[in-house]
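Based on these hints, arrange chains B and C on the given structure of chain A.
Chains A, B and C are the protein sequences, given in the same order.
In terms of my numbering, the first sequence opens at residue 1 and continues consecutively.
In terms of my numbering, the second sequence opens at residue 1 and continues consecutively.
In terms of my numbering, the third sequence opens at residue 1 and continues consecutively.
The hints are simulated quantities; they were obtained by calculation from the structure and are not laboratory data.
Some hints could be false.
Take a look, some chain A residues computed to stay more than 12 Å from chain B by CB distance [what the hints assert, rightly or not]: (1) Phe-136; (2) Tyr-236; (3) Thr-311; (4) Tyr-396.
Label-pair restraints from in silico Cβ distances [claimed, not checked]: (5) C:Leu-287 to A:Arg-392: 51 to 57 Å; (6) A:Arg-96 to C:Gln-247: 57 to 63 Å; (7) A:Gly-333 to B:Gln-372: 33 to 39 Å; (8) A:Leu-454 to C:Gly-273: 45 to 51 Å; (9) B:Trp-216 to A:Leu-336: 50 to 56 Å; (10) C:His-95 to A:Leu-342: 45 to 51 Å.
Here are the simulated EDC-like pairs of lysine to aspartate or glutamate, each with C-alpha atoms no more than 16 Å apart in a straight line [as the list claims (entries may be wrong)]: (11) A:Lys-239 to A:Asp-92; (12) B:Lys-261 to A:Asp-347; (13) B:Lys-182 to B:Asp-167; (14) B:Lys-356 to A:Asp-347; (15) B:Lys-363 to A:Asp-347; (16) B:Lys-160 to B:Asp-263; (17) B:Lys-118 to B:Asp-354; (18) B:Lys-356 to A:Asp-56.
Model, not experiment: these values are computed from the prediction.
Idealized CB from N, CA, C, for every residue including glycine.
What follows is each chain in one-letter form.
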Amino acid sequence: MRLFNYGLFRLAVIAIVALAVLAPLVLVFYQSFLDAPFFQPSAKLSLDAYDFVTSDSDFWDAFANSVMLAAGMTAIAVPLGAVLAFLMVRTDLPGRALLEPLLLVPIFISAIVLAFGYVVALGPVGVFSIAAKDAFGFVPWNLYSFPSLIVIAGLMHVPHVYLYTAAALRGLGADVEEAARVIGAPPWRIALTVSLPMVTPAILFGGVLVFFLGFELFGLPLVLGDPQGLLVLSTYLYKLTNKLGVPSYQLMAVVVVAIVAITAPLVAVQRRLLKSANRYVSMRGKGVRSDLMRLGGWRWPALAIVIAWFTVTVAIPLFGIGLRSVVTSWGEGVRLSEVLTLAHYGDLWDYPNVVRGIFNTIGIGVIGGAVAVGVYTLVALVVHRWNSGWTRLVDYIVMAPRAMPGLVAGLAMLWLFLFIKPLNPLRATMISVWLAYTVVWFAYGMRLVSGTLLQVGPELEEAARVAGATTGRIQRDVTVPLVRYGILASWLLVFLIFAREYSTGIYLLAPGTEVIGSLLVSLWGTGAIDMVSALSVINVLIIGLGLAIAMRLGVRLHA
Amino acid sequence: MDFANGIRLFTRLASVGAISLGLAAVAAAQGLPEGYPANYQATIDAAKKEGKVVVYSSTDAASAGPLLKDFQAAFPGITVEYNDLNSTELYNRFISEAAANTGGGDLLWSSAMDLQVKLVTDGYGQTYVSPEIKSIPDWAHFKDQAYATTYEPVTFVYNKRLVPAGDVPKNHDDLLKLLQTKTDAYKGKVTAYDPERSGVGFLFFTQDVKHYPRAWDLNKAFGKAQLKLYTSAGAMIERVTSGEHTIGYGIFGSYALARQKKDPNLGVVLPNDYTLIATRVAFIAKSAQHPNAAKVFLDYLLSKRGQNIIANQADLYSLRSDVEGEATLKAVEKAIGDKAKPIPVSTELLDSLDQKKRLEFLKQWQAAMKGQ
Amino acid sequence: MPDLVIDDLHVRLGDNDILKGVTFTVPQGQIVALLGPSGSGKTTILRSVAGLEQPYRGVIRIGNGVFFDGAKGINVPAEKRGLGLVFQSYALWPHRTVFENVAYGLKLRGVAREELARRAKAALAQIGLDHLGERYPHQLSGGQQQRVALARALVYEPPVILLDEPLSNLDAKLREEARAWLRRLITSLNLSALCVTHDQVEAMAIADRVLLLEGGKIVQSGTPTELYSAPNSLFAAEFMGANNRIQGTLEALTGTDATLRVGDRSLRGIARGVTRLGSSATGVIRLERVRLADGPGENRIAMRRAASMYLGERYEHVFETDGLSVRIFTAAPIEGGERWLEFPHDALWIF
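Chain A with its partners taken away, still in its complex shape (with noise of 0.2 Å):
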C-alpha cells in the first residue's frame, strides 16, 4: 500500500478546482430563477426575471449594441493583428526588439484608466481636440459616438490577435515563403498569400477571442458610453441595479446567464480551432528560419503604421491621465501651464486607505501572483500529460468564471464568503480577494503554465519514468526544475494581471482589502477625480515597473 495516492490527489485537485470555479457561476444560475434574492426566505422558484429582462427594450438594445460591438472590433481587432504579427516576426522592421514588449502594454492597463485617459485627452474638449479646434476650426472626431468606441475597443484588442498569429508564424517554416519570394512576390504579398493564409486557425483564435472578449467589456463602454447612454450588456447589468430602485440580483443574473449563452458556444469553437491550429504546425515546412524579409522602401511606411495604432491606443490616453494627475482643471479656456501642480500625489498620502490600497495592490501582484502561479501550476501539473476526460472538463470549467463580467464574479465571491460559514472570517482580508482573481484568471493562468510545460520533451518525462521515477518524482526533478523559468515569466505576467485588475473586487473592498482597481472605480464614483488620475498614474508605473523587469529577463510577454 503506497502512503501518496497519485489517482486519488488528482481527483481531489480537479475537485477542489471545479468547486472553487463553478461554484459562483453555480449560484448565478439558480439566482435567476428566483423571484427574489437567494438568500430571502421568501425567494421562490420562478421565470419572472426572464419575463422582465426579455420583455425590457433596453436588453435588446443592450444584445443588439453588444453584438455589434463585438464584431466590429473584432473586425478590426483581426486584420490589424494579423499584419502587425507578420511585420514584427517575418520582416526587418526596424526597432523590432523595442517595439515588441510596447504592442502588449493594451494588455496589461486597466481599461477604465484609458477611458479615462481618451476623455482628457481626445473628449470634446480634451486637450487634442482643441488643439485641433484651433487648427481646423472643428474636432474631427467625436470620442463618444459608437464608432469611436468600436474603434477604440478594436484597436485595444490588437495585441491578442497578435498574441496568436506571430507564436504561430514563428512556427512556420522560413521555406514556404522563400519559396514564394524565389517566384518573384513582394513581402505583402507573401503575407497575404502565404504567410497569414498558412496560421488561419491561430488568427481566427486570436479572433474568437477578441468577439468574446467584446462580450464582457465593461470600462470602455462605462465611461465612453456614459455621455450617450449607450448601452451594452455589461452595462445594462449596471443599470438593472437602479431599474427596480433595490438591486435585483434576479434581473442582474439572468444578464449573466445571457452573456454565458453567448460565450459558452464560442469556447467549443476556440477549442476546435485550436487543435487545426496544432494541425497546421505540424504540417509546417521544414528548414531553418534563414534572414527575416526585406521590406526595403516599405519598412518606413510599416513602422508608421506600428507607431500610429501605439500612438492611439496607448501613448495619448496614458498622456491624458498623466496630463490631468499633475493639473487642477484642464478643457476649454484653461490654459494648462496655469494649473500645473503635483498636489494630487502628495493628497494621496493623507488617506490610509489609498496607501493601503497601493501597497495591497504590489503586494496581491507579488505574494498573491506567486501563490496563484503556484496553484496554477499544480492543477496544470495534474493534468498534465494526461490523457483523459477530466483534462478536457478542466480546461472547459477553468474558462467558466470568464463569462462573467468580473463585478458580477466578485459580487458571487462575496456571497460565497459570507455563506459557506468557514470562510467568514477571510472575507475581510486579502485572501478574499486573491481567491477572487484566482479563480477569474484561472484560464489565463492555466494557458500560461500549462503552455511552459508542454515545452518540457515528453521524451524527457518518459526517460525519468523508465529510470523509476514515479510521477511526483518526474514533475519534481524533471518537469518542473526545467520549467523555472518559464513560471517565473507566468508569475511576472500573472502579477501584471492581478496589478491591473479593476471589477472583481469592488464588492470585496473593505479596509484592509483595498486594491487600486477597485479604489479607482470607487474614487469614481464619488468624484474625487484627482485622486483618481494620480492613482491611475501609480498603477500604470508599478505595472510599467513589472513589464520593465520582464524585459529585463527577456520575459517573452506571449500567452
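Only chains B and C this time, still in chain A's reference frame:
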C-alpha cells in the same frame, strides 16, 4: 436582541432623569457634551470595550477623513473601520451579510435616502434615541432609528468661463427659459444624474415633480437639448469644469463646493425658487456587533463638534442651526430663505421604490427625453 | 537473467490497431532488432515493453516476472519495471550534468552516496566519458550524448536494455563507428537488448536476431543472414537490400523451381509462395547478384545500357530493354551499348 433592548431601556430610564450627582460629576470631568444623560459615560465605556465601530458609508474616505480623525481624537480607544462603497454596493453588501448572519456594518451612512429608509422599515435598524435629537430638525429623524446627518443643497453648477453671466440660471424657470430660447447653444451641454441608472438621480427628478409644477416641461426641454446623463457626480463636475458640458443640473452642493475650492472656475447656484436639500442618512444596524460604539459614532455625527467638521472641513453641509460656516444650514437659509426644501426622511421615500410607480415614471421620463 | 517474453501483444490507439498480436522472445544475452517501416508498430512494441504505452491484450514478462498481462489485468507501471531505455533523441535532462544524468537512476533506488558515485563513474568510464562528468549535455557532441544516454540506461543494471533508433541522430560516418561500439559494449556486458530501427543495415549489423514488422505484425524473424538471403515475402525481400523488380507471370512450377515469364522471355528462379500458373508474379533479385555475361544463355537477357554512375568503390549501371529496367553493380567501368545480363537462378526469388 436582549442586549440591545436592555441598553435601550437603560437610556430611556436615564433620560427620564434618574441621574445621580456623582455620575454627573464624572461626566463633566470626562467632557460629556451638554444635554447628554450622565449615564452616557457607560455607553462610552462600553464602546471603548468594543474597541471599534464598522461604518459602511457612501461618503468617500477623502471627504470623511477629517471627520474620522476628529472622532478618534474625541474618543481615543474607539477605532473606526471605515468602508466607503457606492450606495448600491453598500446596500447589497449589507443585506447579504444580514442574511448570512455574519455581522458586518454597525452603522450605515448613505446618501441613498430611499434605500436607507427601506432598510429601516424592513427592520434592519436598531431603535436609538440620540441625545442630539433635539438639535436637529424634525424632518431629519425617522422612527428613532434613521437620522439625517447633512444638509446638502441640490444645486446647479456651471462653467464660469463658458457660460455668459446673463445665461446663468437663478432658478428652474430661468433654466427652462434658457433651454427653450437657446436650445442649440446648449445642445449637449447640460448634464444631470441619470434617473434610470442612478438611484440619486431618480430621487431628485421625482422630487422635482413634487415641487415644481413645470417639471415635465423642463424635462422635455432637457430632452430637446440632449441632456447628457451620468451616474456619478464626479464625472459630471469634471466634465463641467473641463467645458465638455457647461451646466450641471441637480448636483450635490457638497461635491460642488469641494471642487469649487480647488477650481474657482466652477460656479454654484442654489436655485432661488426652491432648492432640494438631500442628506446622508445614518442608522445603527440591528445586527451591530459594536452597538455602543455605533451609538457614540452616530451621536458624534450629530453633535456640534462633529457637525462643525462636517461643515468646515468635509464640505458636507451641517444641518444644525448652531454651526457657523459656508456649508451650513444657516448659510443656505441666508442665501435662499425658506426656499430650502429638505427631502424628509420618511416613508414617503419608499414611493420611489415601488416597482410599478418607478417604471411608470421612467417611461414618462424616456418620452420626455425624446422631447415628447 | 531470464528471457524477455512478449506474447500475443495487442495495442490500440483510438480506433487504430497499432499492434495486432506480436509474439517473440529476447533470449538472455542476445540483441534483437525490431525492423520495419514507419507505422509498422516497432516503436509501440518498445514503448509497451517499457511501460509507456498500455496494450489491451497479451503478456509481457521477464522470466516469471509479469509486467503486463491483459487477461489478469496486470500492468506494472514503467517506473517499477526497472528496464533501461535509450531514447531516439537521447532525452538527456538539460538541467543536470552528465554525472547527475547517469546517477539519477541510482539515486531513485536509494543507493548510498559513495556507492552511487562509484557506480556512476564506472558507467561513465565504460563509455569512455569519465572525464566529462561535470559538463552539461549541451556541451557534448552528438556521439557523446548518445553514449551518456546509454550509460544512464545501463547504470542500474537493467535485465534488458531498450534502444529506440539509437543511431539515427548521428551523422553517417559516426553512425558506422557507433554501431560497432554499441554491439561490442552490449555483448561484452552480456546484456539482452531490444533495439528499434528502420535501417536494415543497422539492424543486421547490431542484432543477433531481426524481427521484421509490417502493419502491426511480425512478418519474418531470424538471423540477419536468414532474413537477407531467404526472405519469405515480397515485402521482406524488398525491405532488405537493394533490389531489381521484374514483373511477369508464373509460367511453370516444379517444387521450389519456378519460371517467370517476362514478355517473350523466361527466367528461372526460386519459388517463394507462388502457386497458380498464369497468375502475375514478381521476380526480385539483389543488385549485386546480377552479373554481366559474355553471351546468350539460360536466364540471360540482352539489354542496352541507359546510364552509368560512379559510386566511389564501385559503379552502378542502368540497363533497359522493352519495358524492363535493371540496375547492376560492377567493380570496374564497362563499355556502353548492348550487353548480356545474367540472373542466376538461385538468386532470383519469384513471389
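Hints, one by one, checked against the model:
No beta-carbon of chain B comes within 12 Å of the beta-carbon of Phe-136 (chain A); the shortest separation is about 18 Å. A Cβ of chain B approaches the Cβ of Tyr-236 (chain A) within 12 Å, the least distance being about 10 Å, so the stated non-interface status is violated. Against the 12 Å criterion, Thr-311 (chain A) stays outside the reach of chain B, whose nearest CB is about 22 Å from its own CB. For Tyr-396 (chain A), the non-interface assignment is confirmed: its Cβ lies about 29 Å from the closest Cβ of chain B, beyond the 12 Å cut-off.
Between Leu-287 (chain C) and Arg-392 (chain A) the beta carbons are some 53 Å apart, a value that agrees with the proposed interval 51 to 57 Å. In this structure the supplied range 57 to 63 Å holds for Arg-96 (chain A) paired with Gln-247 (chain C), their Cβ-Cβ distance being about 59 Å. A hinted range of 33 to 39 Å holds for the C-beta pair Gly-333 (chain A) and Gln-372 (chain B), which are about 36 Å apart. The given range of 45 to 51 Å is respected by Leu-454 (chain A) and Gly-273 (chain C), whose C-beta atoms sit roughly 48 Å from each other.
At roughly 42 Å, the beta-carbon separation of Trp-216 (chain B) and Leu-336 (chain A) lies outside the given 50 to 56 Å, and the hint is violated. A hinted range of 45 to 51 Å for the beta carbons of His-95 (chain C) and Leu-342 (chain A) is consistent with their spacing of about 49 Å. Proposed proximity of Lys-239 (chain A) and Asp-92 (chain A) is contradicted: the alpha carbons are some 49 Å apart, above 16 Å. Restraint check: the Cα-Cα separation between Lys-261 (chain B) and Asp-347 (chain A) comes to about 15 Å, which is no more than 16 Å; the hinted pair holds.
For a cut-off of 16 Å, the pair hint linking Lys-182 (chain B) to Asp-167 (chain B) stands: about 9 Å separates their Cα positions. Our distance criterion of 16 Å between C-alpha atoms is broken by Lys-356 (chain B) and Asp-347 (chain A), whose separation comes to about 45 Å. For a cut-off of 16 Å, the pair hint linking Lys-363 (chain B) to Asp-347 (chain A) is broken: about 43 Å separates their Cα positions. Distance check on the hinted pair: Lys-160 (chain B) and Asp-263 (chain B) sit about 10 Å apart at the alpha-carbon level, within 16 Å; holds.
Proximity of Lys-118 (chain B) to Asp-354 (chain B) is assessed by CA-CA distance (about 11 Å); at most 16 Å being required, the pair is judged to hold. Simply put, Lys-356 (chain B) and Asp-56 (chain A) have alpha-carbon atoms about 14 Å apart, close enough for the 16 Å limit, and the pair holds.
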